[in-house]
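Participant: If you want the building blocks of each chain, they are given just below.
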Amino acid sequence: MRKVLSIAKAEYFQAVRSKAFLIGLFGMPLLMGGGILFQLLVEDQVDLSERHCAIYDPGGELWPVLEAAAQERNERGIWQAGEDGQREQLRPEFILERHIGGDERADVVLSDQVRAGELQGFLLLDPTLIEDEVSERPLAYHTEEPTFTELPNWLEEVVNEEIRRRRFAAADMDRELAERLVRRVDLSTWGLLEAREDGTVDEAEEDNDVRTFIIPFAGMMLLFMLVMTTAPQLMNQVLEEKMQRISEVLVSSVTPFQLMLGKLLGSVAISLTLAALYLGGIFWATHHWDVAHFVPAATYLWFVLMMVFALLMYGSLFGALGSACSELRDAQSLMMPAMIILMIPLFALSAIVESPNGNLAVGLTYFPTATPMIFLFRLLAPPGPPAWELLSAIVMCLVTTAALLWASGKIFRVGVLSQGQTPTFGKLLGWVLSK
Amino acid sequence: MPKTAVRLDSVTKRFGTHTAVSSLSLEVPRGSLYGFIGPNGSGKTTTIRMILHILAPDSGELEVLGETGTRAANDRIGYLPEERGLYKKMTVRRLLAYYAALKGMPAGEARRETDRWLERLELTEWRDATVEALSKGMSQKIQFISTVISKPELIILDEPFSGLDPVNLEVLRGAILELVAEGATIIFSTHDMTVAEQLCDNVIMIFRGDKVLDGNMEKIHERYGQDTLRVRTDGGVQVLKDLPGVDQVLDLGRYQELRTHGDPQEILQALAQRTRVRHFEETRPTLHDIFIRIAGPEAAQEEEEVA
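Those protein sequences? They're chains E and D, same order as listed.
Quick note on numbering: this note's numbering labels position 87 of the first sequence as 112, and the sequence is numbered without any gaps.
Quick note on numbering: this note's numbering labels position 167 of the second sequence as 317, and the sequence is numbered without any gaps.
Please keep in mind that the hints were generated in silico from the structure rather than gathered at the bench.
Where hints are given, some of them may not hold.
[Said to hold, decoys possible] Keeping only pairs whose Cα atoms sit at most 27 Å apart, straight-line, the calculated DSS-like set for lysine-lysine is:
1. LYS286/D / LYS44/E
2. LYS239/D / LYS44/E
3. LYS286/D / LYS301/D
4. LYS28/E / LYS301/D
5. LYS239/D / LYS301/D
6. LYS301/D / LYS361/D
7. LYS239/D / LYS28/E
8. LYS238/D / LYS286/D
9. LYS28/E / LYS238/D
In isolation and in its complexed conformation, chain D is listed as follows (with noise of 0.2 Å):
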């Protein structure tokens, strides 16, 4: 079994005069959860569109689950789209089911997977009501369910948590790792930096169709050092005016996040003299800040008005 999952090799796509993807070479290793991160619009869906073949490449190479320029790994990769639905007048069972069949799962194998699976997300209760019955939390985790119930080596999910609250997102979270664990690799597309920091161990960085950045969240973390510090004072934000050693401050009302170059003990010394420190924290860049720092300031504003 080889050890990409995936592998894309100077992949372009355009879409008449646009370029959604821009020459893309990556490889996600089995195994791993691998995220897929980028403002909305930069290139993620038709991506994994093309993973999925349901676009095609107008140039580069495709590899999937060791099968090159065809569908034949499809059935064993399971995608939750960002723009999902179900079939409303569905019940749970029959769309499970039917699902399972569309990847060629045997019947009896899909009701023992339905009935794991349900149990797992504690919707066994469900299993016979029409999909319109289900609130929009259920709804979701029965969509998690639709997309893994087939056991696929690969699943590819396209903002899993979005428009979820708080427990179901947790619920969720819970069942991708397991999934990991178990050895699927997962592909996590988000524009939510966060989400990817805390989940992913490896993550590639698209914007405007092209890949800025590419690796190991530990790798990219040593790459870009420990140059963030977090306070809270009494002065706010006022006294970190022409700071010495400060490039840039980020207001985030309670705390202020500082972009530093010089040393972390001289800064506290500095900011000790004008006011009293409440909260002095070293801390790394988020995925944001670097994607910040990668892609410029105006890309941050772009990010806003997109999301």
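Excised from the complex, chain E in its bound form (with noise of 0.2 Å):
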């Protein structure tokens, strides 16, 4: 055990000088981090520029409406008053131009309109838009850039609003009386109440995404990068010691279970360092927003024993692929299925999501290498996985563990002195059932 340990002291000596692990330390939160605040930037930085849009109506009914609606906009709905007192511009402006139709069909003509550069898009409005039977596209817009949802929305509820007006008005009826009547009533969603000893009720708390998601899936992604920051670069490590014949003279003075055993603690040695940084982060920052009730204790004990079993599983995997390999471009090769082992819980996180403890989700959970990401989610999620889960589900993460670790063992045992041609996923099965 002396010398695992020596093994696990350096590698993980060997990881947190470097400056790797200075990168990977606070890349990942930059990467998260960034994204989000990259996107808050952006989002204030609109393209004001105008967007001409044309109107056909050959009916000349709504462009009126239209013309008015868009003056309206441009003059009062997208600018707010700026701290100086001068006007600051929101959105772009939309000028509308009515079309009136030619010899040539309208909607050729405005599409090479909207080819030229000359307009964002165009509308074609049908006669029958205002009639109670209407065509089968009474209201279609045209344009190069769907993305730009914008002025379509806008379009659209300007027609909507004024076809509203005119039935109501066709219909004689009072439209404030009739939306009232037709009000909706919000449903919100609560968590259980609790009778006490002494009679009094702990009130429920009412859900939000923040409990019911945004920590589950937080919890479940940094597990998931924590394993991708360090189980893939075993097999590096591995790889890289046979390429450079470092890989003999180690198994002279161990065992190769003894060096996969310690490369594997030093692995999670790293990923515990990374995790009590990252979890100390999220502990100070819930207690100083007054968050902390979202995050109770055990979450950070379960998270760092699914944490131990995922690092133990992958990593043991990894490494083993890596003894494999005799270069680079076969592992990267042997890479792509234990990626996709890896991603199971990701791809199945949808149907987790819909229902944490439904048929599906608890399957999932049993299914050997997923079980320490799936079932971290639904530990984070409401209600919580029931009790004997708690066992039963830990005793699947020992037990897969434990025949991940032997069967890497074995792996390791031939592949960490083979040369030659990457074997095949049968030849590594024959070398874990050899004896």
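Can you join these two chains into the complex? Each is in its own frame, and there are hints to help.
Facilitator: Rendered as structure tokens:
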């Protein structure tokens, strides 16, 4: 065991003293935080260039309405008062132009204008629009840039508002009364109440996205990223030692299993260091902003436990694959199936979110390598798994970890000294089953 | 303490249908410098890996430093494999400390040994440099130190001089002889028979997995006699044709080596009648010559092809 710890210690210090560790340490939060920050920054950066849109309204019934609505919007609807008293434009102006049809088809002529960059798009209003029986395409917006949805949405809203007004008028009905009568009643989702022995009742809390989705999702993603930071690295390290002919010296001093175990423990120590920093940051932040009740203390313990299991599982898997390869190119081809196994929990996420304790979620929890991540998500998502699963999931993790360590140790034993062609998965299985 | 450092008894190792080592028996005496010689691919490295318990033999028995069938002796063995590398990003001092720790050496003692060996091989000023900053010769000396830092009783060196410049080669040769003088047992594996002949007091020659020669160098030379002449003449290799008493002529350029069965005096007289003799020396057959005699001329060709 002393030698295993020597290997783990060397792996750990070699990693934490490297620039790659510092980049990984700050890179991951920067990547996540930076992504959110970038979104927030660009959210306010709006392209304020004028958007020209042609309206083809053969009946001419709605053009005056659209023209007036655009004028109203451009004068008042897209501005806010700045601190210095100046008006600040928030959204782009919509400049509407009425197209009067000629000999040629209007939609063909207008399409050419859009292609020429003269128009953002054009709107075709069918004369049946204001009738009870409308045609198949009463309101059609044509554009080359369908991702810019603000203009067609606004057009649709203006046209529909006018049509509703006309319908109410035609029916001689009071619109305000009608809207009051069909007003929706909102439903809110709450947790359960609990009666105490002293007769008081713990009131239910209203569910929100932070508790039901954001915390479980963030926990699972943090675990995924920590595994991704260290487990594939193990594959590279083992392969590098093979390529640089270091492995043979090492296995003359320690058994291949001791070597693999030392490396795994080193990886776990590296991840625990990263986790301590990140979880410490989360602990501080949740207390600082007074939202610590969303992340109870047990959450941290479960996270660390599942992380250790996940690292031992994936680390041994990647380490074994690294030992079986002789070249980087071969490792990359073997890495793909391993990555797919690693990503199964992410693929299954939508099904688990829908029903964290449903049959599918429970079944996927016991897919061997997926247990740590899926179970962590289910632990963090209300109401949490039933009590018996706390034990069965741990047992499943223990069994899977032991099986993977055993199988990887067998592959590692043969692979670490093998040279030449990378073995097939069938051959790897043969190594596992060999004496 | 047993007198034998390593004992192999009828050890065989197969890889699929290929027999890498066939019923090999040998004894390496303690304190000896024992040469494993033979062309590349003859089974030397497989034998070494079995001694280190990196590979398990299919049959036969191994005893290493008094231990049979376990890795218990591995902490007392230093191993420098033929294909070797170092952690490029580690500093020299940390690297040596790591290798010493893997052999179970206490940290304080490892530090003292590191300083002693770095000074001995004139590398003290590089102790805090990363391995990637070292020249090839320096790296090889560090590899050698990493092999011997834990004061092993048995040191296995597989092609230790390959790629070394003459200056560093002499430094390492001196260090190896010093270790032998201090009582270490050294197994020296090489395909370069000239080097083995100069260094080793015992050799075992392996060819295609079989032992073809084993014993003390003096006794081997006694057995194969002094049937070789080295000559240089004005007439060159042409005048040696059909010379009485000469079985084989090996042209070395400026010199020719003759394998003979007759009286050297009579050969000299016959040669002097043909041309002016510049140099005439009675010499012993080299290990290479002996290898060719044992394994046949096709072995020489095979050796050249794999070397």
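Participant: None of the hints should be skipped; say for each whether it holds.
Facilitator: These are the hints, each one checked on the structure:
1. LYS286/D / LYS44/E: This hinted pair holds, its Cα atoms lying about 25 Å apart.
2. LYS239/D / LYS44/E: 11 Å, holds
3. LYS286/D / LYS301/D: Holds, at about 24 Å.
4. LYS28/E / LYS301/D: 17 Å, holds
5. LYS239/D / LYS301/D: The hint holds at about 25 Å.
6. LYS301/D / LYS361/D: 30 Å, violated
7. LYS239/D / LYS28/E: 21 Å, holds
8. LYS238/D / LYS286/D: 12 Å, holds
9. LYS28/E / LYS238/D: Judged against 27 Å, a Cα distance of about 21 Å means the pair holds.
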